[in-house]
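Participant: These protein sequence lines map, in sequence, to chains R and B.
Every letter in the first sequence is one number past the one before it in our numbering, and letter 211, counting from 1, is 568.
Every letter in the second sequence is one number past the one before it in our numbering, and letter 31, counting from 1, is 47.
Keep in mind that the hints were calculated from the coordinates and are not lab data.
Note that CB positions come from ideal geometry on N, CA and C, so glycine has one too.
Hints are not guaranteed to be accurate.
A few chain R positions that, by computed beta-carbon distances, are all more than 12 Å from chain B [claimed, not checked]: (1) 404; (2) 411; (3) 426; (4) 432; (5) 436; (6) 461; (7) 473; (8) 605; (9) 606.
Selected chain R positions facing chain B (Cβ under 10 Å, derived; list incomplete) [unchecked claim]: (10) 435; (11) 448; (12) 455; (13) 482; (14) 488; (15) 598; (16) 602; (17) 619.
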Amino acid sequence: MRYAIECDLTKKYGDFTAVEKLKIKVPEGKTYGFLGRNGSGKTTTIRMMMGLIKPDSGNVKIFGKKINRGDNSYLSQIGAIIETPGFYNNLSAYENLEITCELFKCDKQSIKKSLTTVRLDNVGNRSVGKFSLGMKQRLGIANALIHSPKILILDEPTNGLDPIGIIEMRKLIKNLSKTMGITILVSSHLLNEIQLIADYVGIIDNGKLIKEGSISSINANQQNYLIIETNNVEKTEKVLNDLNFKFDKTDDFFKIYCDYEDNPNINKKLIKNDLKVYNLRSHSKTLEERFLGITGENSQVN
Amino acid sequence: MINLLKSENKKYKNSYIITLGLLGMISPLIIIAIGTFIVREDLIIQGVYSWHSFFGRVISFFMMLIGPLLTSFIAISSIYHEYKSHTLENILNSPNSRVKIIFSKVVYVSLMVLALYASVAIVNIICAFLLGFTITEAEIINYSSYIMLAGITNIVIIPLAMLLTLIFKDFIPAMIIVVAGTIPNLAAFHWDKCYLSPFAVPEVIVLRVAGILPEINIIYPLIIITSYLIIFLTLLILYFKYSNQY
Chain R
358 MRYAIECDLT KKYGDFTAVE KLKIKVPEGK TYGFLGRNGS GKTTTIRMMM
408 GLIKPDSGNV KIFGKKINRG DNSYLSQIGA IIETPGFYNN LSAYENLEIT
458 CELFKCDKQS IKKSLTTVRL DNVGNRSVGK FSLGMKQRLG IANALIHSPK
508 ILILDEPTNG LDPIGIIEMR KLIKNLSKTM GITILVSSHL LNEIQLIADY
558 VGIIDNGKLI KEGSISSINA NQQNYLIIET NNVEKTEKVL NDLNFKFDKT
608 DDFFKIYCDY EDNPNINKKL IKNDLKVYNL RSHSKTLEER FLGITGENSQ
658 VN
Chain B
17 MINLLKSENK KYKNSYIITL GLLGMISPLI IIAIGTFIVR EDLIIQGVYS
67 WHSFFGRVIS FFMMLIGPLL TSFIAISSIY HEYKSHTLEN ILNSPNSRVK
117 IIFSKVVYVS LMVLALYASV AIVNIICAFL LGFTITEAEI INYSSYIMLA
167 GITNIVIIPL AMLLTLIFKD FIPAMIIVVA GTIPNLAAFH WDKCYLSPFA
217 VPEVIVLRVA GILPEINIIY PLIIITSYLI IFLTLLILYF KYSNQY
């Protein structure tokens, strides 16, 4: 697999370690969710990738090429919004994008295209000072896309947005990934957002990478509980007690706290005991439950 | 570099910086002209109070306060405006070297300051006409040259003011230092070493060239101003290049 971004970074501020030996690999053409609590080191990592902060040790590779802090040419392949998208409020959306066009020496035709992509083409001549936060976030994406980058880095793109704004931003990111095929790195503390947008996920806590992989691999085999409905509650309870599993009983079903791999054995045992299994449903942990579990474990280790 | 200068130029459209800078530069001159007209109208008509006397007051006032303060204000605003609107990151996220980015800012602000001084030179000539002074071609050339020299020498303050704004990431500390720094300017007629201050050295050079401070040896202020320019520009570039900007 080819990677658009590979990094191995450490950054300390005095005694405080903001990022420690953080190794992440962002696969090319995929959407990578960079997940972590507020203050976990996501923005510091992104700033180091963009050359805004010098790492204490480590390096960043863009498409396999190690970047050098003195050479900013790699930035022509990246479009980024870091935290709040910045614009000159005295200028219109179009004029702000014209400035970005000058900075990237790109064709001014791309301004209209970018504004259309984020559905701001009808307000291009309006002063940015009159834009809502949601419009500014979308303009931020237009600004990041103006030079047709191969990598798009979005740091907390849904911060401060209302629910409709969040849905619009999610649609926009999904659409960009689908239609333009660019690599997208989205950082967020909103677990459900990452679950809905990303193909790959990296979970960071206290400056350390805790888990990285495809979103399906992180979700898979992470059973929270198994739900079982049978024709005989008493008998089922006895079987489960014999199997030594922890479970909750309701009037209609059992909630069994077991691993995914145990499901066939439970089913087998129930059938062996002449029980009719009407429903056997695995309930996976949400990314939120996984995240809290992972970061909780990590906090205990520390 | 040209693309960076073009982007700098676009940023100032509809901004208060140019308007305030222009008003700040021109209004004191107009106020001095109105004051002169009210108080000395008879002397002007009699030819006792000349354009030379008027210009002496204008250039002294300009070099003591308005010139260095407004030059600093524009330089500080050029950086602070980027912090305030969170746009410095946009520039740093572009594939331009940091040296080019900051150098183009210095060049653009210098050009803007020179344009403002040129407008002062033009208003000075207009005021002289309106006040009814006897005007010679040599006076027009000389006085306009002194004002432009004031603009050129004040460029030394630009990298210093920008550096202070970058260090403090704020407008107020840099402006306080600038205001405090202009205090030696008021002592130009009483302290022959006031050119040691980076804010006063342009004043000493202009007043010396204009013949208002004839006893000063111009070599020392010239050495000092050149040294300051090199030092401030080098420090600014090094700080911008190697510090973490966010």
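Participant: Would you mind marking each hint as holding or not holding in the structure?
Facilitator: Results of checking the hints against the structure:
{"no.": "1", "hint": "404", "result": "violated (6 Å)"}
{"no.": "2", "hint": "411", "result": "violated (6 Å)"}
{"no.": "3", "hint": "426", "result": "violated (9 Å)"}
{"no.": "4", "hint": "432", "result": "violated (4 Å)"}
{"no.": "5", "hint": "436", "result": "violated (8 Å)"}
{"no.": "6", "hint": "461", "result": "violated (6 Å)"}
{"no.": "7", "hint": "473", "result": "holds (21 Å)"}
{"no.": "8", "hint": "605", "result": "holds (50 Å)"}
{"no.": "9", "hint": "606", "result": "holds (55 Å)"}
{"no.": "10", "hint": "435", "result": "holds (7 Å)"}
{"no.": "11", "hint": "448", "result": "holds (6 Å)"}
{"no.": "12", "hint": "455", "result": "holds (6 Å)"}
{"no.": "13", "hint": "482", "result": "violated (13 Å)"}
{"no.": "14", "hint": "488", "result": "violated (13 Å)"}
{"no.": "15", "hint": "598", "result": "violated (59 Å)"}
{"no.": "16", "hint": "602", "result": "violated (52 Å)"}
{"no.": "17", "hint": "619", "result": "violated (50 Å)"}
The structure fails to meet hints 1, 2, 3, 4, 5, 6, 13, 14, 15, 16 and 17 from the earlier list, while all remaining hints are met.
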